[in-house]
Amino acid sequence: MLGSELEKDQSVKRSILLSIGFLALLLIFTFLFYKDYKNETNQQLRIALKAQSEREVKLIKQIFKERVLALDRMANRFTLPSDSEYKKWKEDSDHYLENFKGTLAIEWADENTKVTWINPLKGNEAAINLILNKETNRKEAIERSLRNRRGVYTNPIELKQGGIGILSVHPTYFDKKNNGFIIGVYRLDSLFESILDNHYEYKIKINEKLAYDTSSGNYNSLAASSEFSYANAKFILELTPKERIVNNYQSLFQSSNTLILLVVFLLINFVTVSIIGFQYFSSKSQRHEIKKKQEELNFILESMSLGIWIWYLKDNILHWDESMYKLYGLNEEDFGGHYEAWESSLHPEYKEKASQEVQDALDGKKEFNTTFAITQKDGTKKYIGSRGDVKRDEKGNPLIMFGINWDKTEEVELHKMLDEERLTSIQSSKLATLGEMAAGVAHEINNPLAIISASSLMTKRSLGNDELIVKNQDTILETVERVSKIIRTLMKFTRRTEDEGKKSCKVSVIIDDSLELINAKSKADYVPIEKTDFEDFRVFCDEIQISQILVNLIGNAVDANKDKDDAFIKVEAEKNQNIGKIIVQDSGSGIDSETLEKIFNPFFTTKDIGVGTGLGLSISKKLAEQNGGNLYYELKDGKTTFVIELPLEA
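Under the numbering used here, the first residue of the sequence shown carries the number 740, and numbering increases by one thereafter.
Hints listed in this document are in silico derivations from the structure and should not be mistaken for laboratory results. Incorrect hints may have been included.
[As the list claims (entries may be wrong)] Cβ-Cβ distance ranges computed for the label pairs, FRET-style:
hint, residue 1, residue 2, range
1, Leu1052, Lys1092, 15 to 23 Å
2, Glu830, Gln1365, 45 to 53 Å
3, Ser1094, Leu1387, 44 to 52 Å
[As the list claims (entries may be wrong)] 20 Å max Cα-Cα, derived SDA-like pairs, lysine to any residue:
hint, residue 1, residue 2
4, Lys1105, Lys1121
5, Lys1245, Glu1313
6, Lys827, Trp856
7, Lys1378, Ile1283
8, Lys1314, Cys1244
9, Lys915, Arg816
10, Lys1241, Val1290
11, Lys1320, Ala1263
12, Lys840, Val924
13, Lys829, Thr855
14, Lys1120, Glu1088
15, Lys1303, Ala1263
16, Lys1053, Asp1128
17, Lys1120, Lys1337
18, Lys1378, Asn1300
19, Lys797, Asn971
20, Lys1121, Glu1150
Bear in mind that the values here come from a model prediction, so they are computed numbers and not experimental data. Yeah, the Cβ is synthetic: ideal placement off N, Cα and C, and Gly gets one too.
Input sequences plus hints: build the corresponding full structure.
Quick look at the structure:
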């Protein structure tokens, strides 16, 4: 009897020690997993920041490159300093200041590097008569520009006008002899503030000298850097996230992995303790304690909103715990308790994918770790995260599949929000770059057009009434005006002022401006565009954004129909109650259902590799919604049709 009691006591001690050991292992593994999770989160954030820094560097490079090239071209047109040359220089520099925002001044210095002309003079008086080569940085840049015979940047310097800035120095020549320099003056803080994304902090160096710094030092460990060299200047950009970006990414990668591992270890620990307890403890009080622990574990699982499922493959019995029913919004009697019942709850968009993931796990191709969506009773979509494992017999055949589900809707929505921010950032960069390029093109074309126009008028007046000559000169003037109009439309499309935004706009003007930009492409690809007659009306919108949508839709239609013999594109407009519609229809016979489900998804494209980014329709739909409207597809008269809906003027 005594030996039996002693043996029982020893068993109790062993079971307690075993439980303590499992608990210690649980704590150790949880700590290690949390540490690894933090490292993974930071690594993902660093990757995203590196990509962002590379995008910012491309944007900055394009901006600084366009400025240098435009002033190089201005320097090439310069001849000898004179009153007439000053007028031409003043006109050129006016165009430059208008098109390249953030430029403080344009200067001209003579061959002795004395600053003689400044535009604008107001606010820049301190630089007039300055001898540039008396200061080391300016002198070095002047010497480099003469060696290279093209524009170069200085190191960051103290501007005479005040503040830190840089100069671009461009030598001018007459009869192969240097006779001066055109100088671009840029104050760095105002220049960078106008082009950089305010979600991040920046530290920018030019030729190893700090040029711009908004960093607070809060997240230096997450900093990403990129660099480029241009015009004898090396730019290094270091990008650090602000607190909001860090919080977004941490929210995105948080909780699920930690909770899953914690639950698994809790289950292992609890099952072990339960087995040991039932084996060695037989008293009523001890069984009561184990039951209490089980209830506590169930409470933990329920509070985490984690559901547990077990699928017995042989009999096709799918068992759910109470949390699973709550997660899916079902009662036990509504659920059939078999695999097909779960499959029927899947959202149509995810049914094939989720079923294939299950089959791959059963086949041993990969572990079951997926995200899918279900359709709830009210028709709404809910995103579910799921992980599981497969129990097999000695031959490797699957017997049981089990795992957990949890609500992943908030995480998926956060992903979408970050994707939208990324799309906005990409689009802003694209438009900024396009604006800079358009500014350069406009700057170069406007001056020759003015000369052609003036010369044509003079020729027309001097040659009298010769009908053929007058007709030809009128044709030249009309062509010049058409080119000028295209340039004005392009500049309007790519540049935004503080006064622009939502306002009352004529639909006919939006359509006409858009067609000016896309007509050349449609003619080159032999796809005629017909604008149908309609009673004009006004809508309340951002005219530039709606033109952007329309140009994208027509451009897509041209690409899709350019190889067809009977290709056509028709643009029309109509209004209905409080809604105005702009309709783009082409000769296509429609979009198949599989493609239709994805056409507004970011980065989805049916174009050849390298032709499209897959962003056009996604951004266009977002812009339409930002303007209080919508963009959608319909099959009208058997033809591919896209409709832009906008609110009518109040």
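Do the hints match the structure? See the list:
1. For the hinted restraint 15 to 23 Å between Leu1052 and Lys1092, the CB-CB distance of approximately 21 Å keeps it satisfied.
2. Between Glu830 and Gln1365 the beta carbon distance is about 38 Å. The supplied range of 45 to 53 Å is therefore violated.
3. For Ser1094 and Leu1387, the Cβ-Cβ distance of about 47 Å falls inside the hinted range of 44 to 52 Å, so the restraint holds.
4. A distance of roughly 25 Å separates the Cα atoms of Lys1105 and Lys1121; the hinted pair therefore is violated under the 20 Å criterion.
5. Our distance criterion of 20 Å between C-alpha atoms is met by Lys1245 and Glu1313, whose separation comes to about 12 Å.
6. Simply put, Lys827 and Trp856 have alpha-carbon atoms about 12 Å apart, close enough for the 20 Å limit, and the pair holds.
7. In summary, the hint linking Lys1378 to Ile1283 is not supported, as the alpha carbons are separated by about 27 Å, beyond the 20 Å threshold.
8. Straight-line distance between C-alpha atoms of Lys1314 and Cys1244 comes to about 14 Å, which keeps the hinted pair within the 20 Å bound.
9. This hinted pair checks out: Lys915 and Arg816 have alpha carbons roughly 13 Å apart, not beyond 20 Å.
10. For the proposed pair Lys1241 and Val1290, the alpha carbon gap of about 19 Å is at most 20 Å, so the pair holds.
11. About 28 Å separates the Cα atoms of Lys1320 and Ala1263, which puts this hinted pair outside 20 Å; it is violated.
12. Between Lys840 and Val924, the direct Cα distance comes to roughly 12 Å. Compliance with the 20 Å bound is thereby established for this hinted pair.
13. Taking the CA atoms of Lys829 and Thr855, the gap is about 13 Å. The hint holds against a cut of 20 Å.
14. Only pairs whose Cα atoms come within 20 Å are accepted, and Lys1120 paired with Glu1088 is accepted, the gap being roughly 10 Å.
15. Straight-line distance between C-alpha atoms of Lys1303 and Ala1263 comes to about 14 Å, which keeps the hinted pair within the 20 Å bound.
16. The suggested pairing of Lys1053 with Asp1128 holds, with an alpha-carbon distance near 16 Å, which does not exceed 20 Å.
17. Distance hint between Lys1120 and Lys1337 is fulfilled; the C-alpha atoms sit about 16 Å from each other, no more than 20 Å.
18. With a CA separation close to 12 Å, the supplied pair Lys1378 and Asn1300 stays within the 20 Å bound.
19. The straight-line distance between the Cα atoms of Lys797 and Asn971 is roughly 17 Å, inside the 20 Å bound, and the hint therefore holds.
20. With a CA separation close to 11 Å, the supplied pair Lys1121 and Glu1150 stays within the 20 Å bound.
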